Amino acid sequence: MPAHDASRTDASGTRVLAIASAGNCWVELNRLTRAFEDATIHFATPAANPAHKSPAHNLWSVTDFSLYSIWKLPFCLLQISIIFLRVRPGWVISTGGAPGALAIMLGRLAGARTIWVESLANSQEISLSGRMAGLFAKVWLTQWPHLTRPEGPEYGGKLL
Amino acid sequence: MILLCVGTRAPFNRLVRAVDQWAWKNPASEIFAQIGNTTFIPRNMDYVRNFYSISRQNRKFDRASLLICDLSVELLLPASERALPVLALPRLPIFGEETGIDQITLARHLKSDDFITIAQDETHLQSLICTPDARKRQAIRSSQSGQSGQSDSLTRLLKTIREAR
Chain H
1 MPAHDASRTD
11 ASGTRVLAIA
21 SAGNCWVELN
31 RLTRAFEDAT
41 IHFATPAANP
51 AHKSPAHNLW
61 SVTDFSLYSI
71 WKLPFCLLQI
81 SIIFLRVRPG
91 WVISTGGAPG
101 ALAIMLGRLA
111 GARTIWVESL
121 ANSQEISLSG
131 RMAGLFAKVW
141 LTQWPHLTRP
151 EGPEYGGKLL
Chain X
1 MILLCVGTRA
11 PFNRLVRAVD
21 QWAWKNPASE
31 IFAQIGNTTF
41 IPRNMDYVRN
51 FYSISRQNRK
61 FDRASLLICD
71 LSVELLLPAS
81 ERALPVLALP
91 RLPIFGEETG
101 IDQITLARHL
111 KSDDFITIAQ
121 DETHLQSLIC
131 TPDARKRQAI
141 RSSQSGQSGQ
151 SDSLTRLLKT
161 IREAR
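So the sequences go chain by chain: H and X.
First residue of the first sequence? That's 1 in this note's numbering, and the numbers climb one at a time after it.
First residue of the second sequence? That's 1 in this note's numbering, and the numbers climb one at a time after it.
Errors might be hidden in some of the hints.
Unchecked claim - Taking lysine-lysine and the DSSO-like style, the derived pairs with C-alpha atoms no more than 27 Å apart in a straight line are:
no., chain 1, residue 1, chain 2, residue 2
1, X, 159, H, 138
2, H, 158, X, 60
3, H, 158, X, 159
To be verified - Over the 12 Å line for every Cβ pair with chain X, so calculated as not near, a few chain H residues:
no., residue
4, 60
5, 65
6, 82
7, 84
8, 109
9, 145
None of these hints come from the bench; they were simulated from the model.
Computed from a predicted model, the values in this text were never measured in an experiment.
No residue lacks a Cβ here, since even glycine has one placed at the ideal position from N, Cα and C.
Construct the complete structure from the given sequences, taking the supplied hints into account.
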């Protein structure tokens, strides 16, 4: 997707979809969106996230799922598809969680540029979501140098 | 003020009990605790179950001179942004304390980060809270690392993402 694609930008710049599960991933994602100061950022996270308790602009709710609740995947897929149709993001960024990995895959198929930053908490190995997202992400980063591999992810610095 | 936080996802009885025992021996110290669904009820310090809002949590973090917590990144990040010294006790799966993150491995990798002091067990943790001097040393070390190593690595990460655009 070319950066100048007018359908993926608005008056304030590129539209970004930032999506992650609650907890560590969500906190890290919020810090990382500082890299998109000139963009309109749309956040998406499971409704169980305490962030949903406070009214916020551009906050979308998605169904959480995992390997143990894989039957919820179609619902999440539908919700993310609707978000893509409504937001038309030029960028998709995620720090973790199955919905984030799914959004990275959809983002790649939809022509958005995609960034996966593995959570700082995963210091022993790359998560399953990370390995799946890594196959589709344009930029695949880990925050631990010892987890880098020639085929990815790359070390890009860390939040702490 | 010493701030104790354990998050909301799993109980952490060992940490709350250890700090409560320390508070009993040091009644002059001001300690505030967020204990989540921990079943041990502290008797020697003020506590809440949850902060309920990010602004309340921020006010407590702003007032604190030392944060005692587990190795949750969601607690370590706001502490590092304030150059707040951290004393951490990793959660152990054997006691049913884990939150899905292997904190023992994380502790081993975070050893190089100076602003976090990692305790091996409850007794070690109590000995590390100890005196104002210890906290002062931690604060100095924290401010040094906060202005160099940590902010550099964060800057690098944000730069990597910006350059990808």
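query: Is the Cα-Cα distance between residue 159 of chain X and residue 138 of chain H 27 Å or less?
result: Since the Cα atoms of residue 159 of chain X and residue 138 of chain H sit roughly 16 Å apart, the hinted pair holds (cutoff 27 Å).
field: Hint consistency between residue 158 of chain H and residue 159 of chain X [alpha-carbon to alpha-carbon, up to 27 Å]
entry: holds (11 Å)
field: Closest CB of chain X to the CB of residue 65 of chain H still more than 12 Å away
entry: holds (15 Å)
- prompt: Once the closest CB in chain X is found, is it more than 12 Å from residue 82 of chain H?
  reply: Correct as stated: the minimum Cβ-Cβ distance to chain X is 25 Å, above 12 Å.
field: Whether residue 145 of chain H stays farther than 12 Å from all C-beta atoms of chain X, as the label says
entry: violated (10 Å)
- request: Classify the label on residue 109 of chain H as holds or violated, using whether its beta-carbon is more than 12 Å from each beta-carbon of chain X.
  value: Label holds. Min Cβ-Cβ 19 Å, cutoff 12 Å.
- request: Beyond 12 Å from every chain X Cβ: check whether that's true for residue 84 of chain H.
  value: holds (19 Å)
field: Given as non-interface: residue 60 of chain H, which should sit over 12 Å from chain X by C-beta
entry: holds (19 Å)
query: Taking only the CA atoms, is the gap from residue 158 of chain H to residue 60 of chain X under or equal to 27 Å?
result: holds (25 Å)
Hint 9 alone, counting from the list given before, is not met by this structure.
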